[in-house]
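Number of protein chains: 2
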Amino acid sequence: MALYVEKYGGTSVGTAERIQAVAETVAVSARQGHRMVVVVSAMSGETNRLLDLAAQVSEQPSSREQDVLLSTGEQVTIALLSMALENIGVPAKSYTGSQIKIITDDIHSKARIQSIEATRVNADLDEGRVVVVAGFQGVDSENNITTLGRGGSDTTAVAMAAALNADECRIYTDVDGVYTTDPRIVPEAQKLDRITFEEMIELSGAGAKVLQIRSVEFAGKYNVPLRVLSSFTEGFGTLITDEDSSMEQPLISGIALSRDEAKVTVRGVPDKPGIAYSILGPVSEAHIIVDMIVQNIGTDGLTDFTFTIPRADLDRCRELLEPVVKSLGAAEIIGDSDLAKISVVGVGMRSHAGIATTMFEALSDKGINIQMISTSEIKISVTVDKEYAELAVRTLHKAFDLGEEKNITACPD
Amino acid sequence: MALYVEKYGGTSVGTAERIQAVAETVAVSARQGHRMVVVVSAMSGETNRLLDLAAQVSEQPSSREQDVLLSTGEQVTIALLSMALENIGVPAKSYTGSQIKIITDDIHSKARIQSIEATRVNADLDEGRVVVVAGFQGVDSENNITTLGRGGSDTTAVAMAAALNADECRIYTDVDGVYTTDPRIVPEAQKLDRITFEEMIELSGAGAKVLQIRSVEFAGKYNVPLRVLSSFTEGFGTLITDEDSSMEQPLISGIALSRDEAKVTVRGVPDKPGIAYSILGPVSEAHIIVDMIVQNIGTDGLTDFTFTIPRADLDRCRELLEPVVKSLGAAEIIGDSDLAKISVVGVGMRSHAGIATTMFEALSDKGINIQMISTSEIKISVTVDKEYAELAVRTLHKAFDLGEEKNITACPD
Chain Z
7 MALYVEKYGG
17 TSVGTAERIQ
27 AVAETVAVSA
37 RQGHRMVVVV
47 SAMSGETNRL
57 LDLAAQVSEQ
67 PSSREQDVLL
77 STGEQVTIAL
87 LSMALENIGV
97 PAKSYTGSQI
107 KIITDDIHSK
117 ARIQSIEATR
127 VNADLDEGRV
137 VVVAGFQGVD
147 SENNITTLGR
157 GGSDTTAVAM
167 AAALNADECR
177 IYTDVDGVYT
187 TDPRIVPEAQ
197 KLDRITFEEM
207 IELSGAGAKV
217 LQIRSVEFAG
227 KYNVPLRVLS
237 SFTEGFGTLI
247 TDEDSSMEQP
257 LISGIALSRD
267 EAKVTVRGVP
277 DKPGIAYSIL
287 GPVSEAHIIV
297 DMIVQNIGTD
307 GLTDFTFTIP
317 RADLDRCREL
327 LEPVVKSLGA
337 AEIIGDSDLA
347 KISVVGVGMR
357 SHAGIATTMF
367 EALSDKGINI
377 QMISTSEIKI
387 SVTVDKEYAE
397 LAVRTLHKAF
407 DLGEEKNITA
417 CPD
Chain W
7 MALYVEKYGG
17 TSVGTAERIQ
27 AVAETVAVSA
37 RQGHRMVVVV
47 SAMSGETNRL
57 LDLAAQVSEQ
67 PSSREQDVLL
77 STGEQVTIAL
87 LSMALENIGV
97 PAKSYTGSQI
107 KIITDDIHSK
117 ARIQSIEATR
127 VNADLDEGRV
137 VVVAGFQGVD
147 SENNITTLGR
157 GGSDTTAVAM
167 AAALNADECR
177 IYTDVDGVYT
187 TDPRIVPEAQ
197 KLDRITFEEM
207 IELSGAGAKV
217 LQIRSVEFAG
227 KYNVPLRVLS
237 SFTEGFGTLI
247 TDEDSSMEQP
257 LISGIALSRD
267 EAKVTVRGVP
277 DKPGIAYSIL
287 GPVSEAHIIV
297 DMIVQNIGTD
307 GLTDFTFTIP
317 RADLDRCREL
327 LEPVVKSLGA
337 AEIIGDSDLA
347 KISVVGVGMR
357 SHAGIATTMF
367 EALSDKGINI
377 QMISTSEIKI
387 SVTVDKEYAE
397 LAVRTLHKAF
407 DLGEEKNITA
417 CPD
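So the sequence lines, in the order shown, correspond to chains Z and W. For the first sequence, this note's numbering begins at 7 and goes up steadily by one. For the second sequence, this note's numbering begins at 7 and goes up steadily by one.
Hints should not be assumed to be uniformly reliable.
In this list, chains with the same sequence are indistinguishable; a pair is considered to hold if it fits within one copy or across any two.
Claimed, not checked - Listed below are the simulated SDA-like cross-link pairs for lysine to any residue, each with C-alpha atoms no more than 25 Å apart in a straight line:
{"id": "1", "residue 1": "Lys-332", "residue 2": "Ala-318"}
{"id": "2", "residue 1": "Lys-116", "residue 2": "Asn-93"}
{"id": "3", "residue 1": "Lys-332", "residue 2": "Gly-307"}
{"id": "4", "residue 1": "Lys-116", "residue 2": "Pro-97"}
{"id": "5", "residue 1": "Lys-116", "residue 2": "Gln-62"}
{"id": "6", "residue 1": "Lys-107", "residue 2": "Gln-120"}
{"id": "7", "residue 1": "Lys-215", "residue 2": "Asp-266"}
{"id": "8", "residue 1": "Lys-107", "residue 2": "Asp-146"}
{"id": "9", "residue 1": "Lys-107", "residue 2": "Arg-126"}
{"id": "10", "residue 1": "Lys-107", "residue 2": "Thr-125"}
These are calculated hints, taken from the structure and not from any lab test.
Start from the sequences and build out the full structure, keeping to the hints where you can.
Here you go:
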């Protein structure tokens, strides 16, 4: 018998009926004798309802009290799911972050998990109970309630799985797995049976929205097999694991598209040491995340310096750089949000040459101009004019033969 | 500077605006330099919303999970009130029952407080913070969430006041104090400036709904001065304290009316030892609370045995007694829910004779027939036909001169 940690998000537990459906799903595994831990989010809509109340009483609610407020959302869900399980004859027990002792640091609203006490959960599992855990929350060393920030319930599930040495951590979402690319753009996109942690991290970072990058990193660090699957349809989803020799390595696993970035170019910068720091220093100090960076080799002692940032930060970034441009004696700042980033990801790149060539050739054949290029060990990203975004994705999906049918790997159960 | 524990119920914190109004009230005392602890209930309507969700997922929710669910109600309020206080420049910090360490027994949904750790609260008060505490909830020795049952937030406030050795515990409600009787029945009813714990306990037990009897008993036991006042209107309310020599003792403090009782008579019972036990044993085993008990002296070896119980339990009580009546060879069971109980309460009874005579004479003058009589050291209760309930209350209010104007005692502040 195996130990599974399952996580159900806000949509999956959005109504009493859906909570009952989750109970039925969990009951199947529990009745097979598996040890089951279930991590849940707040019912969809609840967090916004609470934030709205907070906004009515305070212009700037303290993050400590906001965490006290928001953590009630998951607490409601754990009680309801435990009741629903017991109602169909499955013994269950709920735990808040505080009760499990999910200890975090004291950074309210984006706390990081430091430790989890597994003793009590193991005792319940030994007695045949399903343990229902509130996601997204913990307590600091002084028992103040903390929350983990975006995607926090995924992180709770992975951390529980690591602490309990679970056989698998299953993230139930509203999609049935990880695809070679967005099926809304490429109808032939294939669901992947398996993918490595590294690839998933690169895909998440490049714009794929299935999982928060932080929980995948956590799973990779503790080598917790992670399965993404749908809470609404049947299927084995996608298993995210360590790269192992038995895994057949496809050249490319997936193609990610991000439209959330903007490009900033500082033109006519004197080409001398320290330019990158002068420009990017103020940007990173303002907590604006810089992704791709390109500096052309200058002519006439002048160069252009280009980088990408989240589109939402474009205006603020321009303001920050106005004085820098003046003090550097640079010509001008150009902001451009009409671009898309397309990334090709695959561990196969490590051992295969020519991926970049195939990519650039395919884009060129369609007349798509590449603006910027950035590479990592298992990823190549390019930016193109946003009008070409879908065409570029479809072109690359075809160029790397990702639309082929693949056999479904049996679920290890 | 004094230490006050204030409690605001569900109606007082029912909306964001009302929470802001409570913050303004608390801020006045805090700015005067008083040490302030505020205990709050769930926003009105919230508990029912949560119970409704529970009913949707389970036919018979476990009391453990119901406590996990319901305790979120007060947790939302403590966060919002702390935010509202901070928003007007008053430093505040919220605590759940678990965080304060309000330790209770493990009887879910009607737990009793065993201990409270005051250290952390005192540290916050020393640093000039208002401490906002979730009422109605605690944790058992294994950190399972418990709730205290009806009127639980009042009990939390009194227990906090006892643990912190507060100068006064103030219960804010939707009435402006304790009255000599229900002003809806007797418009001349007077608000009492002071009343003793004992009197308040008897009045609560006899049907006055201002305070739950349990919290008054708790306050009396630990000698915590308790003040009942309105969160909607100005005023000093009613102070409930120990009887002391400086207090002018009125003969009668108040008259309570209860319409929630029913009378059960077992007729033609053989008059022999053990009758009371044979009849009341099964009733109390079924957790039906028996109030007044009357056994007439029998003639011909037969007697009638009469007692009162909550009206809601009448049908169940009859079912329970059917076999008992048969085995005793009694004639029949008569149930009667057309009665009202009127109680006259006052510590002055201890030292004054003739109260009962005055009471019976006044009722007799109006042609009101007394059915049953029961007395305690400071209380006389009678039951009458419910049609005479209001008339009886008005008659007694006048007979004991309770409608006179009294001077308002200054609030010790």
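Comparing the hints with the structure gives:
no. : hint              : in the structure
1   : Lys-332 / Ala-318 : within (24 Å within a copy, 83 Å between copies)
2   : Lys-116 / Asn-93  : between (35 Å within a copy, 22 Å between copies)
3   : Lys-332 / Gly-307 : within (17 Å within a copy, 113 Å between copies)
4   : Lys-116 / Pro-97  : between (33 Å within a copy, 23 Å between copies)
5   : Lys-116 / Gln-62  : within (23 Å within a copy, 33 Å between copies)
6   : Lys-107 / Gln-120 : both (10 Å within a copy, 23 Å between copies)
7   : Lys-215 / Asp-266 : within (12 Å within a copy, 60 Å between copies)
8   : Lys-107 / Asp-146 : both (9 Å within a copy, 16 Å between copies)
9   : Lys-107 / Arg-126 : both (10 Å within a copy, 19 Å between copies)
10  : Lys-107 / Thr-125 : both (10 Å within a copy, 21 Å between copies)
Hint violations for this structure: none, all hints satisfied.
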